[in-house]
Amino acid sequence: EAQVTQNPRYLITVTGKKLTVTCSQNMNHEYMSWYRQDPGLGLRQIYYSMNVEVTDKGDVPEGYKVSRKEKRNFPLILESPSPNQTSLYFCASSPTGGGQPQHFGDGTRLSIL
Amino acid sequence: QQQVKQSPQSLIVQKGGISIINCAYENTAFDYFPWYQQFPGKGPALLIAIRPDVSEKKEGRFTISFNKSAKQFSLHIMDSQPGDSATYFCAAGVGGYQKVTFGTGTKLQVIP
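The listed protein sequences derive, respectively, from chains A and B.
Under our numbering, residues 188 to 300 are what the first sequence spells out, in order.
Under our numbering, residues 4 to 115 are what the second sequence spells out, in order.
Hints are supplied without guarantee of correctness; some may be wrong.
[Said to hold, decoys possible] Once the Cα atoms are required to be at most 16 Å apart in a straight line, the calculated EDC-like pairs of lysine to aspartate or glutamate come out as:
| # | chain 1 | residue 1 | chain 2 | residue 2 |
| --- | --- | --- | --- | --- |
| 1 | B | LYS102 | A | ASP243 |
| 2 | B | LYS102 | A | GLU217 |
| 3 | B | LYS102 | B | ASP34 |
| 4 | B | LYS45 | A | ASP225 |
| 5 | B | LYS74 | B | ASP34 |
| 6 | B | LYS110 | A | ASP225 |
| 7 | B | LYS71 | B | GLU29 |
| 8 | B | LYS74 | B | GLU29 |
| 9 | B | LYS102 | A | ASP246 |
| 10 | A | LYS205 | A | GLU266 |
| 11 | B | LYS45 | A | ASP293 |
| 12 | A | LYS252 | A | GLU266 |
| 13 | A | LYS204 | A | GLU266 |
| 14 | A | LYS258 | A | GLU240 |
It is worth saying that the hints were derived from the structure and are not from the lab.
Using the sequences and the accompanying hints, generate a full structural model.
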């Protein structure tokens, strides 16, 4: 089954404690992206990757890091989380770019206290 | 600067009625306009998409209308059903390009 898998699905943590949200896709897609979803703001892109070792900033990259060492994995790293990063996060992938249909994971709800 | 404006924020429609969600964009370079449907606890899923070389695209009960000169596009859901209750996002991007900009979402509730 074609899918994008995120872990964990839920996480409550404290300010400053480094965390990583993993994302893995099994469709051999080149393009992967991270979004955050906040009420009234829709989906905002954090980072995206066009291929292995190729990443770039989206619209709201501050406070986040990513890496793309393998084609299937695209982890999101919060090195020093803050309460304003409390949000619902989605990973997505598509064959070649954002202008193609994206497949989304089921989301990770992060609460930073 | 919000490049894709979506309205309304929420919508309540009677079963069997027509649901209409509107979006407007600013960047004339956009050439890919998808609509995503999101159910609670799930990620968005592509519903229907259109390119600007056509003014309308229909898939079952879902239709996208596109007005290039007005820089507007809309989603029409005919014969709305309670199972259509979800959040809908419009989006716009440049085909094959890295980024797609999403609207702020419309929460649709279809009541029996």
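Structure-based check of all given hints:
| no. | hint | verdict |
| --- | --- | --- |
| 1 | B:LYS102 with A:ASP243 | holds (10 Å) |
| 2 | B:LYS102 with A:GLU217 | holds (14 Å) |
| 3 | B:LYS102 with B:ASP34 | holds (12 Å) |
| 4 | B:LYS45 with A:ASP225 | holds (15 Å) |
| 5 | B:LYS74 with B:ASP34 | holds (11 Å) |
| 6 | B:LYS110 with A:ASP225 | holds (13 Å) |
| 7 | B:LYS71 with B:GLU29 | holds (11 Å) |
| 8 | B:LYS74 with B:GLU29 | holds (7 Å) |
| 9 | B:LYS102 with A:ASP246 | holds (9 Å) |
| 10 | A:LYS205 with A:GLU266 | holds (4 Å) |
| 11 | B:LYS45 with A:ASP293 | holds (5 Å) |
| 12 | A:LYS252 with A:GLU266 | holds (8 Å) |
| 13 | A:LYS204 with A:GLU266 | holds (7 Å) |
| 14 | A:LYS258 with A:GLU240 | holds (9 Å) |
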